[in-house]
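There are 2 protein chains.
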Amino acid sequence: MQVEFWYEFASTYSYPAAMRVEAAAKEAGVTLCWRPFLLAPIFGAQGWNDSPFNIYPAKGKYMWRDMARICEAAGLQLKEPVRFPQNGLKAARLALLGQDEDWGAAFTRRVYLANFAEQKDISDEAVLADILGSLGLDAQALLARSGEQANKDRLRAQTEEAIARGVFGAPSFLVGDELFWGNDRLEAALEWARR
Amino acid sequence: MQVEFWYEFASTYSYPAAMRVEAAAKEAGVTLCWRPFLLAPIFGAQGWNDSPFNIYPAKGKYMWRDMARICEAAGLQLKEPVRFPQNGLKAARLALLGQDEDWGAAFTRRVYLANFAEQKDISDEAVLADILGSLGLDAQALLARSGEQANKDRLRAQTEEAIARGVFGAPSFLVGDELFWGNDRLEAALEWARR
Numbered sequence: 025m026q027v028e029f030w031y032e033f034a035s036t037y038s039y040p041a042a043m044r045v046e047a048a049a050k051e052a053g054v055t056l057c058w059r060p061f062l063l064a065p066i067f068g069a070q071g072w073n074d075s076p077f078n079i080y081p082a083k084g085k086y087m088w089r090d091m092a093r094i095c096e097a098a099g100l101q102l103k104e105p106v107r108f109p110q111n112g113l114k115a116a117r118l119a120l121l122g123q124d125e126d127w128g129a130a131f132t133r134r135v136y137l138a139n140f141a142e143q144k145d146i147s148d149e150a151v152l153a154d155i156l157g158s159l160g161l162d163a164q165a166l167l168a169r170s171g172e173q174a175n176k177d178r179l180r181a182q183t184e185e186a187i188a189r190g191v192f193g194a195p196s197f198l199v200g201d202e203l204f205w206g207n208d209r210l211e212a213a214l215e216w217a218r219r
Numbered sequence: 025m026q027v028e029f030w031y032e033f034a035s036t037y038s039y040p041a042a043m044r045v046e047a048a049a050k051e052a053g054v055t056l057c058w059r060p061f062l063l064a065p066i067f068g069a070q071g072w073n074d075s076p077f078n079i080y081p082a083k084g085k086y087m088w089r090d091m092a093r094i095c096e097a098a099g100l101q102l103k104e105p106v107r108f109p110q111n112g113l114k115a116a117r118l119a120l121l122g123q124d125e126d127w128g129a130a131f132t133r134r135v136y137l138a139n140f141a142e143q144k145d146i147s148d149e150a151v152l153a154d155i156l157g158s159l160g161l162d163a164q165a166l167l168a169r170s171g172e173q174a175n176k177d178r179l180r181a182q183t184e185e186a187i188a189r190g191v192f193g194a195p196s197f198l199v200g201d202e203l204f205w206g207n208d209r210l211e212a213a214l215e216w217a218r219r
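Residue numbers (this note's numbering), protein chains in the order written: chain V, 25 to 219; chain C, 25 to 219.
Read the hints as simulated data drawn from the structure, not as lab findings. The beta-carbon is built from N, C-alpha and C at its ideal position, and this holds for glycine as well. Warning: the hint list may mix true and false statements.
Said to hold, decoys possible - With a Cα cut of at most 30 angstroms, we get these calculated DSS-like pairs of lysine-lysine: (1) C:Lys83 / C:Lys114; (2) V:Lys114 / V:Lys85; (3) V:Lys83 / C:Lys83; (4) C:Lys83 / V:Lys85.
To be verified - Chain C side only, calculated, beta carbon under 7 angstroms to chain V, not exhaustive: (5) Ala82; (6) Tyr86; (7) Arg107; (8) Asp208.
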């Protein structure tokens, strides 16, 4: 079976997950689908207009320390983002296009690095254009396509699908109806997919 | 270094943690301290008057499924509790006495089994007395001592200590100032303690 990796660019724990999910799935012999979505509508429905890591300071303080340990163990850079959470809407619309065109994985990893390792503003179209260009892609054409109504609607529908399938946070992994939440559940999701 | 295991009897993920923490610490050669505390004052300060797993239904649904997978993998029974969350106040006051008297670990495990495997009401003094009796202890004397003002105050102080040291959920592990949250962080906490 395949595993679906559901991620949001503002999500801290999605960063180490995004950096290792492809290699881990390959090693497990499991097909991987990249599924960008938005957390804001999900959090908004719970009455949160900010990250729960900002709303609940003790949880937020712990998360940054936990992320530092995880990134250090994984050999990943971690620097305080230019703001938290960042607005990942435009990046998610681009990743949605890339999902069908085989550059989505590489684009996704570069956006996470820009957010959590390079202190770049990932809501800035110039930053996203640089990333697309570095992958040998036509940045302006992709930015234009990503902003078309059909693509906006598709990202909205993908987020609705996430909610309908029980997703409430990121990263999440789905193996059919079986939901796994959190970077630390990747191995369990892959094991489930191999059954 | 030692690892402190901070737990609340109403907490679902504290159940598998409580059942495995002693053996895991022993294998790692790390001294273990049992630290019962109460989540209600912590949740109350965040504006929650119920478990977040009840307040946020998608998260609650996932948690029960995740617990079922974890307990199955660990060979632990899991049955829907008589209510969720249960009131673990009296059990925590007893566990606090046991923490000094070497029956705390066994008592703690039996209370978790009563809550999550045996569908018993752990706020019922008769249930707690049965558990104490099964450990060869003088149940009535311990119940009386556990309800004395000094012991009530001590549990309150222990909860205040948890908050002061950054604890916001259960189970939590502390190695000095280093905080680890969740059953799935036990191994990381033990590794930290061995450094």
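Hint check results:
| no. | hint | verdict |
| --- | --- | --- |
| 1 | C:Lys83 / C:Lys114 | 28 angstroms, holds |
| 2 | V:Lys114 / V:Lys85 | 28 angstroms, holds |
| 3 | V:Lys83 / C:Lys83 | 16 angstroms, holds |
| 4 | C:Lys83 / V:Lys85 | 21 angstroms, holds |
| 5 | Ala82 | 4 angstroms, holds |
| 6 | Tyr86 | 6 angstroms, holds |
| 7 | Arg107 | 23 angstroms, violated |
| 8 | Asp208 | 5 angstroms, holds |
Comparing the model with each numbered hint stated earlier shows that hint 7 is the single one that does not hold.
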